[in-house]
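Trainee: Next come the chains, spelled out residue by residue.
2 protein chains.
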Amino acid sequence: MKRLLFTGFLFLGIIVFIQTPVVGQPPLPDLVSPEVHPDKTVTFRLRLPDAEEVKIYTQFTEGEHALTGDTSGVWSVTLGPAEPDIYPYAFIVDGVRIMDPNNRLYFPNEHFKHSLVEIPADTPQVHSVQEVPHGVVSYRYYSSETLDTTRPLVIYTPPGYEQNPSKKYPVLYLIHGMTDTEETWFKVGRANFILDNLIARGEAEPMIIVMPYANTYSYDGTTADRGEVLQTALFTRDMVRSIIPFVEENYRTLPDKEHRAIAGFSLGGRHTLATGLSHPGLFDWVCAYAPAVWPEGFEADFENLYADPALLNELKLLSVSCGKEDGLYKSAQEFTKALEMRSIDYQTFFPSGGHTWMNCKKFLAESASKLFQE
Amino acid sequence: MKRLLFTGFLFLGIIVFIQTPVVGQPPLPDLVSPEVHPDKTVTFRLRLPDAEEVKIYTQFTEGEHALTGDTSGVWSVTLGPAEPDIYPYAFIVDGVRIMDPNNRLYFPNEHFKHSLVEIPADTPQVHSVQEVPHGVVSYRYYSSETLDTTRPLVIYTPPGYEQNPSKKYPVLYLIHGMTDTEETWFKVGRANFILDNLIARGEAEPMIIVMPYANTYSYDGTTADRGEVLQTALFTRDMVRSIIPFVEENYRTLPDKEHRAIAGFSLGGRHTLATGLSHPGLFDWVCAYAPAVWPEGFEADFENLYADPALLNELKLLSVSCGKEDGLYKSAQEFTKALEMRSIDYQTFFPSGGHTWMNCKKFLAESASKLFQE
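From first to last, the protein sequence lines are chains R and F. When the letters of the first sequence are read in order and numbered with the working numbering, they come out as residues 1 to 374. When the letters of the second sequence are read in order and numbered with the working numbering, they come out as residues 1001 to 1374.
Okay, chain R solo, but in the shape it has when bound (with noise of 0.2 Å):
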């Protein structure tokens, strides 16, 4: 009774706790935001009692949807279903996009704020969480010689690294696109999830893979130069004199071409195909996800492609991936072309859907299965 009696003023004190604003910060979370049904559709929940009009805007629906408030200022929708996958989406108040404020997994960006939702698979994706060996995902700081600044490169190290400090392994630098960051390929591609399960089915090579930030501005974001976006010059510089560097000294590599391989979507496509190509003693592997190149821009960009191409097939392996839906599959196509008349070898993965992460973890997936194979 006298315990009961304690918990019962614990309780009170709770109470007080929770509404008085200490932290100041909202009480606490009264809603789920997303909520996932059996049947794979998703409610969606927002309590917004100041709004005439919440809408949503997702990546496995076209367009945007009206959420409908009820009289507490709780506003709510169910969409889908959904194909199984990792979607982004955001509530839209005012014409902005936020965050759902109830959803830890978050999409880090410069630009957008948007919100993920996981649809599980009946049996689990190549990015699902499961019971197998876990990698180690670091984030570390080196110094930018180029950049003159402290800056971030997010590694992924794999199961057994650890437990075996004589072995080496190769590297896959692993490039965000435009206004993503450092983050973008571990919390929305999932790159450590995809390596463990592949790597536990015997799919991948154990291999270390480096995030950069590719994003040549400060990184604080308090900088004004960030009208120039395509920085490739700059960023390959970095990654040659800094992050590689970087990397060998502080990680057990096998440091020579044949175990080194770059990857990167949109921007970092972009940037994958300067750096890859324009230093073929680098890099033995090159894969450009949804690469932003354009035709009229190909010979200025890879010059060396166009001075010596028999150089470009001593690549192992050189692959443009590109969904068939996306703003630049045209682009794709007509890089793999220019590829094609001056001989040069190339792979293409080549799937549906459009410039998303949703496929960009596909893409990963596709390419890990080939990288560092003899």
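A portion of the hints provided could be inaccurate.
As the list claims (entries may be wrong) - One-sided excerpt, in silico: chain F residues whose CB lies under 7 Å from chain R: (1) Val-1096; (2) Ile-1098; (3) Arg-1104; (4) Thr-1146; (5) Pro-1152; (6) Asn-1164; (7) Phe-1302.
The set of hints was computed from the structure by calculation and includes no laboratory data. All values derive from a computational prediction rather than experimental measurement. Heads up, the beta-carbon is just placed ideally off N, CA and C, and yes, glycines get one too.
Fit chain F to the known structure of chain R by using the hints.
Mentor: For chain F alone, kept in the frame of chain R given last:
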């Protein structure tokens, strides 16, 4: 000239790319927000043509502040000057707090969505990124027997950890507050940079810091039992049965109570006291930061504190930190009185300030300099 022409085509291509909604996202960032000025005032900007009113909440000002809209739909306000520190803030649109879309620094939380702005000091602060050796922050996944799922851990290893494969380290278990996540001590509390700086100055022992996910409801945010927030018993069980064994199996730790510390903020301070004081054989160092405890609950919460006070005097450190303007300051004082009545040794650190992450950084820096000292 030919080169120039190609470059011209290239930029045309870029513009088309940027304007084409290939990724279903708004056009490129064209605003700088936040912009920190040399006089330590800050200008915040948001493009929101459809809004009738936009306000901002910051933790360096009182109350909310209206932004002024211009004819192009850009809202802005300049606030401050502010004391150098890292402050959470959010725009308020239709009553909901939203992150700043143009700012990459976010506050990981399961309920509110705040951005962060750093006001640099003239000389670097303890949390500033400095040119010192940096430790590594790793995201790990462990199998929780108690919660029957795979759960995340964020782990800091100090500079030199990889280079000294025979050295073993003490461990601080550091717990976040209510609705925070395993990332909050890293991304908001800057635990890594604080320790990097203290270690470089010789003011803290090199230590491993383990930042668990302390909310025992499913971490995908889709389970419904979030109403029960104080799941201290469940968390304690997971800590003792799964987290500590995982850390000691995977890291070179000194696995005894002299080299294990526990600390936490707010609800994490409550977990700290509950776990630390009820396991005197596990931890010799117990640091509560603005703990969510109330005088009425002391007896029920900390039975052994009353049963055997002498046991607690074997601790090397029992400390209570709290800001003097914190809503929990009175409770913190009452708690120390309860300790005093039972002749239990303790230390306090009561700086100015509220229930904030600005104070969390001070609390950590203060206690990290005491931990594991002879």
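Trainee: Next step is simple, just say for each hint if it's right about the structure.
Mentor: Verification of the hints:
1. Interface restraint check for Val-1096 of chain F: the shortest CB-CB distance to chain R comes to about 5 Å, inside 7 Å, so the restraint holds.
2. With 7 Å as the threshold, the beta carbon of Ile-1098 of chain F comes within range of chain R, its nearest partner Cβ sitting at about 4 Å, so the hint holds.
3. Taking 7 Å as the C-beta cut-off, the interface hint given for Arg-1104 of chain F holds, the closest approach to chain R being about 5 Å.
4. Nearest Cβ of chain R to the Cβ of Thr-1146 of chain F: about 16 Å, over the 7 Å cut. The hint is violated.
5. For Pro-1152 of chain F, the shortest C-beta to C-beta distance to chain R is roughly 10 Å, which exceeds 7 Å, and the interface hint is violated.
6. Hint on Asn-1164 of chain F is violated. Least Cβ distance to chain R is approximately 12 Å, over the 7 Å limit.
7. Taking 7 Å as the C-beta cut-off, the interface hint given for Phe-1302 of chain F is violated, the closest approach to chain R being about 11 Å.
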